[in-house]
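> Heads up: the protein sequence lines correspond to chains V and L, in order. Numbering follows numbering that gives the first Met the number 0, in which position 3 of the first sequence is assigned residue number 2; successive positions increment by one, without gaps. Numbering follows numbering that gives the first Met the number 0, in which position 301 of the second sequence is assigned residue number 300; successive positions increment by one, without gaps.
Hints in this document: simulated from the structure, not taken from any laboratory. Some hints could be false.
Among the chain L residues that face chain V by a calculated CB cut under 7 angstroms, a handful are [stated by the list, open to error]:
1. Pro182
2. Asp190
3. Leu198
4. Asp202
5. Asp208
6. Val653
Everything numeric in this text was worked out from a predicted model, so none of it was measured. Yeah, the Cβ is synthetic: ideal placement off N, Cα and C, and Gly gets one too.
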Amino acid sequence: MNLDQTEQDNRLLLTITGKCTVEHAAALRDALLPATETTKELALDLSGVEGVDITFLQLLLATEQTLAKRGAHLLRVGSLSEAVSEAARVSGFDQTPRLKTFFSDEERDG
Amino acid sequence: MIEVDAATATYIEEAKELLGELEQGLLELENNPGDQERLDACFRAMHTIKGGGAMFGFEEISRFTHAVETVLDQVRSGHLPVTKPLLSLILSARDHILALLGIPQDAVDDDTRRVSDALLANFAPFLPEDATAAPTRSAAPSLATYDDGDGGVLACEARPGPPGIYWLRFAPDPAILSTGNDPVRLLAELDTMGLTRCLYHEDALPDLDDPNYNPELAYGVFDLLVRTPCAPNSLRDVFIFVEGESDIVMERIHVGAIRGDDLSDLLEALQGLDRAEPPEVLQALHRALDHKLGEISAAKASTQARIAKLAPSGGQRAHLQAAASLRVDAARLDSVVNMAGELVILQSRLRQAVKANDIEAAAAVDEDLERLTDAMRDVALGLRMLPIGTVFSQFTRLVRDLSGSLGKEVEFEALGGDTELDKTVIDRLKDPLIHLLRNSLDHGIESPEVRVAAGKPSRGRVTLSARHSGGNVIISIADDGRGIDAAAVRRKAIDQGILSPETEISEKELFELIFAPGFSTATAVSNISGRGVGMDVVKRNIEALRGLVEVESAPSKGTTVTIRLPLTLAIIDGFCVVVGGESYIVPLVNLRGFQERCVAGETRIVENIERMGELIPLVSLRRLFGAPGPLPPYERVVVTEVEGEIVGFSVDKVVGRQQAVIKSLDDCYRNLKWISGTTINGDGSISLILDIPQLIRFVRETEESPLAAREGLPYTGPVMQPRPRSPYP
Chain V
0 MNLDQTEQDN RLLLTITGKC TVEHAAALRD ALLPATETTK ELALDLSGVE GVDITFLQLL
60 LATEQTLAKR GAHLLRVGSL SEAVSEAARV SGFDQTPRLK TFFSDEERDG
Chain L
0 MIEVDAATAT YIEEAKELLG ELEQGLLELE NNPGDQERLD ACFRAMHTIK GGGAMFGFEE
60 ISRFTHAVET VLDQVRSGHL PVTKPLLSLI LSARDHILAL LGIPQDAVDD DTRRVSDALL
120 ANFAPFLPED ATAAPTRSAA PSLATYDDGD GGVLACEARP GPPGIYWLRF APDPAILSTG
180 NDPVRLLAEL DTMGLTRCLY HEDALPDLDD PNYNPELAYG VFDLLVRTPC APNSLRDVFI
240 FVEGESDIVM ERIHVGAIRG DDLSDLLEAL QGLDRAEPPE VLQALHRALD HKLGEISAAK
300 ASTQARIAKL APSGGQRAHL QAAASLRVDA ARLDSVVNMA GELVILQSRL RQAVKANDIE
360 AAAAVDEDLE RLTDAMRDVA LGLRMLPIGT VFSQFTRLVR DLSGSLGKEV EFEALGGDTE
420 LDKTVIDRLK DPLIHLLRNS LDHGIESPEV RVAAGKPSRG RVTLSARHSG GNVIISIADD
480 GRGIDAAAVR RKAIDQGILS PETEISEKEL FELIFAPGFS TATAVSNISG RGVGMDVVKR
540 NIEALRGLVE VESAPSKGTT VTIRLPLTLA IIDGFCVVVG GESYIVPLVN LRGFQERCVA
600 GETRIVENIE RMGELIPLVS LRRLFGAPGP LPPYERVVVT EVEGEIVGFS VDKVVGRQQA
660 VIKSLDDCYR NLKWISGTTI NGDGSISLIL DIPQLIRFVR ETEESPLAAR EGLPYTGPVM
720 QPRPRSPYP
């Protein structure tokens, strides 16, 4: 897993690439947690994610839950990699109220 | 016919149209293999059929078409040459897709799949290696085909019968990942077993900043609904390695097909029930399911009620089914709408005229209305008009396949494909035309050797043409084959007692004998052997469309069969005449003029009358119909022409021109051949529409026919020619 952070105005963009499975879950949480506390907007680019398991989907959902407490939301930039969209589809994560918008196919900027 | 919703019906209709285009394209490719544009069009057609198939749940079509599309793509990109065997293969695939379109989405059985598989096996040599695996059922499924998957690509063995709907609850052990199992992978595997919808209960998931949150544990519960034709064990087997620690509950809740969207709706009912015990969940699920099934059957019932309301009753229905839906040129629809607008204006003008008691203004409206009604009738009937070319293209294929199997070389030409005919007529014309074409190929066109020996080009030629002529459409099928041996037909007719040896009849009449049902030509007339079979059916079909069939033939030059059809079956132009208080309609197409004659004394059914210096037979309709009432001092004579023969009919009165909207007679009057229908007059009374050709035939067969009359009478004028006994009563 590789993480790349870019900050612009009030927005933090995290570009995640590579395999995001249980081995990387703790590291990913450590990267996401500060972002939920400070930035106003947190955007994720998952187009380069190659393999995921349940831990990754749970992290996305937990991040959104935490942001929502502050009235912020998780944003998506770029398309979803097939690995992510398939995992979200078969597990029903793409239909959860909190992540439905994040996973939906609408045109996105960036 | 399958009961389908409107969207599916549109897909089927469109797919059939595309298949027609595909067939035509393939046949043209055979003559011109380098036509890239044509090739692209064929590929696009296949691609559209495949995409629509997946969208509307025709999984088998989508699966099957995939391979064909791949092959076409190979051809298109130049990796495969266009060859006759390949085209034949794609043509047979096209036929199979057409057959699949006739099977409801969820009724595809194993036999059908086997047929698909057998055809797909033929495609295998043409497919690139990596593509061969995709379309077969047992192979690794491709993601795209899951979408509404049932009977498509499944990772388990499907059982016959309707699919089962299963509820599965999967509560993974929090430490499941430490054993190397990932819930997402298990769910993905389950997804290959059928149509799956999943609901994740997220309540148990802590927030990211919760100190108790361990990102390496699995939280939450999954509720799943799976529609699968497979055995429940294949679903259970997915969880075989985690069953000890994780909780898995599985129940079948329903048998029968339910759409994916409906499954999603059902899952919604389980929202918030993640901590509930299975019985409670099942109860909620069954409540939702009953509600859903109620909705589905109510929707079905209302659709059926709508269909039933629209559908005509009884015997008409079978006829009309073929023409259930129709594509209409937008410009034509626009003109109907425009005319409806004009109609509204006329109506308000009429109201004004009536209010003002202004008869002149009303008369002007009447005139305008007549013009508009005429125009509107033409346009409205035009809505049902289709170019006959839609059928012609199918014949190209027929000729290709048939000439191949007969070992003959045939060049087929279809002319006048843009000639328009009523859709009903086109639908019902197809079979007779197929029969006539078969005859031309089978018995008309000689084998290449025979042709060369006779000094003809080795390639035979069959021309199918259509054109307008007056109120008729004339369709002819001409071949340059060996022609019909008139002498042999005559011999055979005499042998069979249809014709007496001393009777002299014209060649035209002789050829008409071919259409007699009893006229077996199997042994006597080699070149038309088999032609007798079904020729009577051809004639009957054409006559049912109020058409005529004629045969012309010259030995070794070829045979031409000409079919003359009315443009439409719905309305005819005619003249209203009265006989003994009853009114009848004489179709304008047969009408040649009117005369009068004084009546003195008894009249016979058939007499003669002078017309333009010639004697023509005159039939007294009063005598023929046995009409009551006193004879008028002078009668009107309606002069008609049928097949070049002029016959007069005497009537009491000629009322005038009338457009007759044909109402067909009930089936029990079917044997009354000389009435083609009835129409309702302006005053609400009923007129019978006379079928003049049949009426003339009917007169010939009555006892007092000229055959009998001639013996007792000295006159030598032209009586109605005696003809061989007609097969039609």
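> Evaluate each hint against the coordinates.
Here's how the hints hold up against the structure:
1. Checking L/Pro182 against chain V: minimum C-beta separation of about 5 angstroms stays under 7 angstroms; hint holds.
2. The restraint placing L/Asp190 at the interface with chain V holds, with a minimum CB-CB distance near 5 angstroms, inside the 7 angstroms limit.
3. Interface restraint check: L/Leu198 against chain V, minimum CB-CB distance 5 angstroms, threshold 7 angstroms, status holds.
4. Because the closest C-beta pair between L/Asp202 and chain V is about 10 angstroms apart, greater than 7 angstroms, the hint is violated.
5. At about 5 angstroms, the closest approach between the beta carbon of L/Asp208 and any beta carbon in chain V falls short of 7 angstroms, and the interface hint on this residue holds.
6. Contact between L/Val653 and chain V, as hinted, is not supported at the beta carbon level, the nearest pair being about 74 angstroms apart and thus beyond 7 angstroms.
Violated hints, in rising order: 4 and 6; the structure is consistent with all others.
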